[in-house]
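Here is what each chain is made of, one letter per residue.
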Amino acid sequence: MKKIISFIQESQYGGIFFALFFTCIFFSFQSEQFPTWTNFVLILNQISVNAILAFGVTFVIIAGGIDLSLGSILAVSGVVAALFAKEDSGSVGLSILLALFVGTLMGLINGLITVFSKVPPFIVTLGSMTIGRGLALLISDGKPVSGLLESFNSIGNGDLFGIPYSIILLILTFLISTFLLDHSILGRYIKAIGGNEMAAFVSGISVNKIKCMVYGLSGLFAAIGAVLLTARINTGQPNAGLGFELDAIAAVIIGGTSTKGGKGSMLGTFIGVFFIGIINNGLDLLNVSAYWQQVVMGGIIILAVLFDRLYSHSSK
Amino acid sequence: MERHGRKLVSLKDVSVAYHSITVLQQIVLDFYAGEVHAILGENGAGKSTLLKTIFGITSPSQGEVIFYESRNVAMVHQELMLVPELTVEENIFLGQEFSFSKLPWKRKKEMREKCISLFQEFECEIHPNELVKNLSIANQQFIEIIRAVSKNAQLILMDEPTSSLSEKELILFTKIIDKLKNQDVGIVFISHKMQEIYQLADKISILRDGKLISTNLLQEITQKELLSQMVGRDIPQFFPTRKSQIAEEILSINQFSSRSNKFQNIHFNVHKGEIVGIAGLVGAGRSEIGMAIAGIDTHVAGEMFLKGVQVELKSPKDAIEKGIAFLGEDRKQSGFIPDFKISENISLSSLSKFQRFGFLQKQKEEQNAETEIKKYAIKQLFKKQAVVNLSGGNQQKVVLSKVLQTNPDVIILDEPTRGIDVHAKHEIYLIMNELIAAGKAIILISSDLPELIHLSDRVIVISKGKQTATLQKEQLNPEEIIHFAMQ
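Chains R and E supply the protein sequences, listed in that same order. FYI, in this note's numbering the residues of the first sequence are 4 to 319. FYI, in this note's numbering the residues of the second sequence are 52 to 538.
No lab work stands behind these hints: they were computed from the structure. Here the structure is a predicted model, which means the values were calculated and not measured. Any given hint could turn out to be false.
Calculated lysine-lysine pairs in the DSS-like style (CA-CA distance at most 25 Å, straight line) [unchecked claim]:
# : chain 1 : residue 1 : chain 2 : residue 2
1 : E       : K365      : R       : K121
2 : E       : K430      : R       : K212
3 : E       : K383      : R       : K121
4 : R       : K266      : E       : K230
5 : E       : K415      : R       : K121
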């Protein structure tokens, strides 16, 4: 126990760990349904799409950038996936492959424009956010794409030995992105670029290439989220993913990743997503109105970061 | 006979500790009006902390700082604290704008008048409306000093004010210091340059490992005593001797010009086992030549031959792969990743050595760092300490170690000893000797003339982007170099 406490204290997630802990205790006292296994699985299931998006954008933020086009990339990839997974003519494999390809491509284009035009990524991805939304509406003709293959839908609703595919996917993407960030050359380069781009360049890192890859990764993760979401709701919605980028970025920030770049972790992001999920779930169980939930959520985002700041300052 | 002005500030048994690590230990010191007090010590000796404690950003964990008259102390920080997007005038009066009860245009007029009178007093030729971002580092420094004066500070603390000044600017700086002295302002400054300390200081205090070793009037202590007190032992020889064993040519450049006109028509060659120095005033284009050879600035024309083969570099990565390494003049800007620990910084240019199938081999990386930390005697307070928190000399050694990890043939060192203490300087000279003995070639860019003269086999002099002379070892002396540098 002592070891766990000292681990929490020494880790950079101290503040958020405590916030998570107290929130759980609070909800457990308020609602009997909250501290149950079924509810825990439900929460994980609910956060899976946001988590996958958040993992992707963590790379971007650590590299010192930002990606506002996640939600739109998700919509485009989702529609593409749906169009190629129709009951009459579709193929699950092709549909997934194409969706992932489109998402990655859109991310890469974000990266290329950022790198070569030197326009700040905030503006580039703000533009591609709108472009993407338009494209999603164009290729779907403005209507939801429904009537999808049963095997495709099972990605969103099926399970393996009782564990929903969405949770498996959540854990897989978490492990892969943790590995990439903390144990691969790419991850080290991403942190170096976010920490000091000039020094990274002089040290012989191909800054432009890495930056493109980072945006590509972010697009790829958005597309994975798209496949999951499309399968879950059985339709390709051109309006899907509105505002998802902000949820993902909020989770990354709550998880302690610096918006200036250079510092951050996937575990932090996971905790951030989980925290948001728990609050949504808890407030649902307490029958708090959806309007109030938004107010509370926003306040908590600020408080969580504030708490984290205070905590990490006092422990220094 | 000691003549003292009024006592301004006293430190009584002041100790400072961070993270339970003691940085300053029971310092007892007095500062007087009209006296220039130099603080000397190696990097990490606690000099900056001492100034910060007087200034009040750092509070002592024991003892107290006593102010006899007022607390009006100003500090010129090592990193300049000006707002780049504001004008010179706005920066000077930032936070002390004349009363808001007055009408804005009247206030502006008063500020302008005061600014002009200050500029006249200090013979400053900068226009009050100039944006600070357009000023040279030296001029920014003057603005910081004038800002301190405008607050009527009684005591001005300066953390390495001269580290980025050219010879000419130094003369102006000396004048300002003299003027302040005459106005009975007390000055405390940190410097690593002996020549300036002898020129400016009245009194010298030496810190070592957080302890005050001695305080002496300038005439009471010899340079040799100073050095040995700083390092705690005698330095056998400041510039280590070496035998030149110049072998075959490794790099040559011909008709080398910058397309953005930073330098023109540079031509020289470098042999294995040779140090070629590049001299010139600040802003003459020396660093730009270094950056072009290292592939950082690819906007160049002309020929470059590496081991007899013509090459055209596309990026720093390209240069590193071809065996050219570069150590930049500003380690904060282009040297290290601030939040990375030592091992991560050291391996940054050579990560391919520490990976298998894209996996980082962190253990191997750590082991390598251990060896390097020992080899270069890099001091860290605790393991995993971020490089940004190391002292300047240790940061420099980390960056140097990173640069040498790629096993280069040609090493470009741009101001390798700027802002680091004598001991660390000496260590860097020893490393350079080792490299030369191993048959590497070094291009040394330095503003420190004694260093350049003692270390180089040959010196190229640059003036306003043009090569004005190539001086052989026998011809090297300060007068000759300055003569060509000012041509």
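Hints, verified against the model:
{"no.": "1", "hint": "E:K365 to R:K121", "result": "holds (19 Å)"}
{"no.": "2", "hint": "E:K430 to R:K212", "result": "violated (35 Å)"}
{"no.": "3", "hint": "E:K383 to R:K121", "result": "holds (23 Å)"}
{"no.": "4", "hint": "R:K266 to E:K230", "result": "violated (47 Å)"}
{"no.": "5", "hint": "E:K415 to R:K121", "result": "violated (37 Å)"}
Figure legend: structure checked against the earlier numbered hints; hints not met, in rising order: 2, 4, 5.
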